[in-house]
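**Student:** Mind docking chain B on chain Y? Use the hints.
Chain residues, written in single-letter form:
There are 2 protein chains.
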Amino acid sequence: MEATQRVIAILGGTGKEGKGLGYRWAKKGHKVIIGSRELDKALDAATELNQMIGEGVVVGMDNLQAAEEAEIIVLTVPFQAHQFMCESIKQPAKGKLVIDVTVPLVPPKVTKVQMPSAGSAAQEAQEILGMETAVVAAFQNISYEHLMSDGVVNCDVLVTGTGKGNRELVISLVEDAGLIGWDAGPIENSVVVEGMTSILIGLNKKYGVHDAGIKITGINNAR
Amino acid sequence: MEATQRVIAILGGTGKEGKGLGYRWAKKGHKVIIGSRELDKALDAATELNQMIGEGVVVGMDNLQAAEEAEIIVLTVPFQAHQFMCESIKQPAKGKLVIDVTVPLVPPKVTKVQMPSAGSAAQEAQEILGMETAVVAAFQNISYEHLMSDGVVNCDVLVTGTGKGNRELVISLVEDAGLIGWDAGPIENSVVVEGMTSILIGLNKKYGVHDAGIKITGINNAR
Chain Y
1 MEATQRVIAI LGGTGKEGKG LGYRWAKKGH KVIIGSRELD KALDAATELN
51 QMIGEGVVVG MDNLQAAEEA EIIVLTVPFQ AHQFMCESIK QPAKGKLVID
101 VTVPLVPPKV TKVQMPSAGS AAQEAQEILG METAVVAAFQ NISYEHLMSD
151 GVVNCDVLVT GTGKGNRELV ISLVEDAGLI GWDAGPIENS VVVEGMTSIL
201 IGLNKKYGVH DAGIKITGIN NAR
Chain B
1 MEATQRVIAI LGGTGKEGKG LGYRWAKKGH KVIIGSRELD KALDAATELN
51 QMIGEGVVVG MDNLQAAEEA EIIVLTVPFQ AHQFMCESIK QPAKGKLVID
101 VTVPLVPPKV TKVQMPSAGS AAQEAQEILG METAVVAAFQ NISYEHLMSD
151 GVVNCDVLVT GTGKGNRELV ISLVEDAGLI GWDAGPIENS VVVEGMTSIL
201 IGLNKKYGVH DAGIKITGIN NAR
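Respectively, the protein sequence lines represent chains Y and B.
The first sequence runs 1 to 223 under this note's numbering.
The second sequence runs 1 to 223 under this note's numbering.
Watch out, some of these pointers could steer you wrong.
Identical copies go unnamed one by one, so any copy, or any two together, can satisfy a pair.
What the hints assert, rightly or not - Here are the computed lysine-lysine pairs in the DSSO-like style, where the Cα-Cα straight-line distance is at most 27 Å:
1) K164 to K109
2) K28 to K164
3) K27 to K215
4) K96 to K41
5) K205 to K164
6) K206 to K164
7) K16 to K215
8) K94 to K112
9) K96 to K112
10) K112 to K164
11) K205 to K109
12) K109 to K215
13) K112 to K215
14) K16 to K90
15) K164 to K215
For the record, the hints were derived by calculation from the structure and aren't laboratory data.
Note that the structure is a prediction, hence the values are computed from the model and not measured.
Next comes chain Y alone, as it looks inside the complex:
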């Protein structure tokens, strides 16, 4: 069965997270829009990805226009910009699915779990965007080093968020990116997955590595 082609906007998508996900989704046949505060940077990133993939399937836009054009909106912005970004896309995001990749790291203690008052970044997004928009959190734990090089990412993706069907859709997008996704439950569980990033950063520092991750065990490897 042919997978459904989606129109996916990746806001703040000029960083390595956004470009890495965009690269993998575009390769899989999705229409990817790289969004940025600065249109020039978005266009440059789109050009870079198209050169890698060899097709004109990635386009660049400013964040707001990208949100308007897409059916699925992915947030890969720094936590400092998270609240503002959610507020600014509230109208164009109505009725759409928002995938929140944000990790609420608070420097300098990035190895200590420090959640916003909403409970997690994903819950903050859901509060701001309102119930006409579904927020699902994913991809917070993976190292983005290998996404652009077709490398194997030895880290599973835990998917939390509003609505089982939405989580299942995001799991299919996780799989389209070449990763293994798991339904990790309702949006209240996002604190676990976002907070895990602080623990993995701590392990990276302690062991002098840069891609500590997690794998789910005990479930048959048919997945």
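**Tutor:** Here is chain B on its own, set in the frame of chain Y:
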């Protein structure tokens, strides 16, 4: 080098978690005290373990006496009894290390992360016990099915809590139980590990298994 023999009290230790940990530690040469609200049950559990190990190294006591006799106190009580148990051992726990195994599950929605107001069970314990007692959280994610049968537990143990040295001591006890332990940072990070249990319960239900777990990846397997 001979490992240091510890005197470890396991409060609420007649359940499968407590007995499983007690069995493995006693086999490794530690002096294990099984504590229970009911002395008879504690004595029965101690007898059961001694019959398995073949030595009189496990004793049974009521919870309070067990806490008084031990140098390390392990809490394996249901979350409903957690607050009361912490209050009742406040005096005997002074100056000692408390290992909190409690997972704050709130029925009926045990697959949804629901933390106490302190932020996590471990932080609740630390608040009640005060800073003269160090609280370290561990063992919340493992399935206890295999502990009593010398089986391999395919799940790592993330260790969070007050004081790096205390976490390292607990990691050595994790290893004495035949498991792999990781320093997962300060006590504020306990929400991640405690909450992970709700996610694993959800995966158990979804996939019809009973020992979904997690493994840390990306760090050399010398550990």
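**Student:** When no copy is named, should K205 and K109 be tagged within, between, both, or neither for a Cα gap of at most 27 Å?
**Tutor:** Within one copy only: 12 Å inside, 36 Å across.
**Student:** How would you label the pair K164, K109 (within, between, both, or neither) given a Cα cut-off of 27 Å?
**Tutor:** between (34 Å within a copy, 15 Å between copies)
**Student:** Could you place K109 and K215 in one of the four classes (within, between, both, neither) given a Cα distance threshold of 27 Å?
**Tutor:** both (25 Å within a copy, 24 Å between copies)
**Student:** At most 27 Å between C-alpha atoms: does K206 with K164 qualify within a copy, between copies, both, or neither?
**Tutor:** between (37 Å within a copy, 12 Å between copies)
**Student:** For K16 and K215, with the copy left unspecified, which applies at a CA distance of at most 27 Å: within, between, both, or neither?
**Tutor:** Both. Shortest intra-copy (22 Å) and inter-copy (25 Å) distances satisfy the 27 Å Cα cut-off.
**Student:** Taking 27 Å as the upper bound on the Cα-Cα distance, should K112 and K164 be classified as within, between, both, or neither?
**Tutor:** between (30 Å within a copy, 13 Å between copies)
**Student:** Evaluate K16 and K90 at a C-alpha cut-off of 27 Å and name the case that applies: within, between, both or neither.
**Tutor:** Answer is within: at 25 Å inside a copy they meet the 27 Å cutoff, but 49 Å across does not.
**Student:** My question is about K164 and K215: at a cut-off of 27 Å on alpha-carbon distance, are they close within one copy, between copies, both, or neither?
**Tutor:** both (21 Å within a copy, 25 Å between copies)
**Student:** Checking an output row: K205 and K164, CA cutoff 27 Å. Within, between, both or neither?
**Tutor:** between (35 Å within a copy, 14 Å between copies)
**Student:** Can you give me the call for K96 and K41, within, between, both or neither, at a CA distance of at most 27 Å?
**Tutor:** So K96 and K41 pass the 27 Å test inside one copy only (25 Å; across, 56 Å).
**Student:** Under a CA distance limit of 27 Å, which applies to K94 and K112: within one copy, between copies, both, or neither?
**Tutor:** Between. Shortest inter-copy distance 26 Å satisfies the 27 Å Cα cut-off; intra-copy 34 Å does not.
**Student:** Evaluate K27 and K215 at a C-alpha cut-off of 27 Å and name the case that applies: within, between, both or neither.
**Tutor:** within (25 Å within a copy, 30 Å between copies)
The structure shown violates none of the earlier numbered hints.
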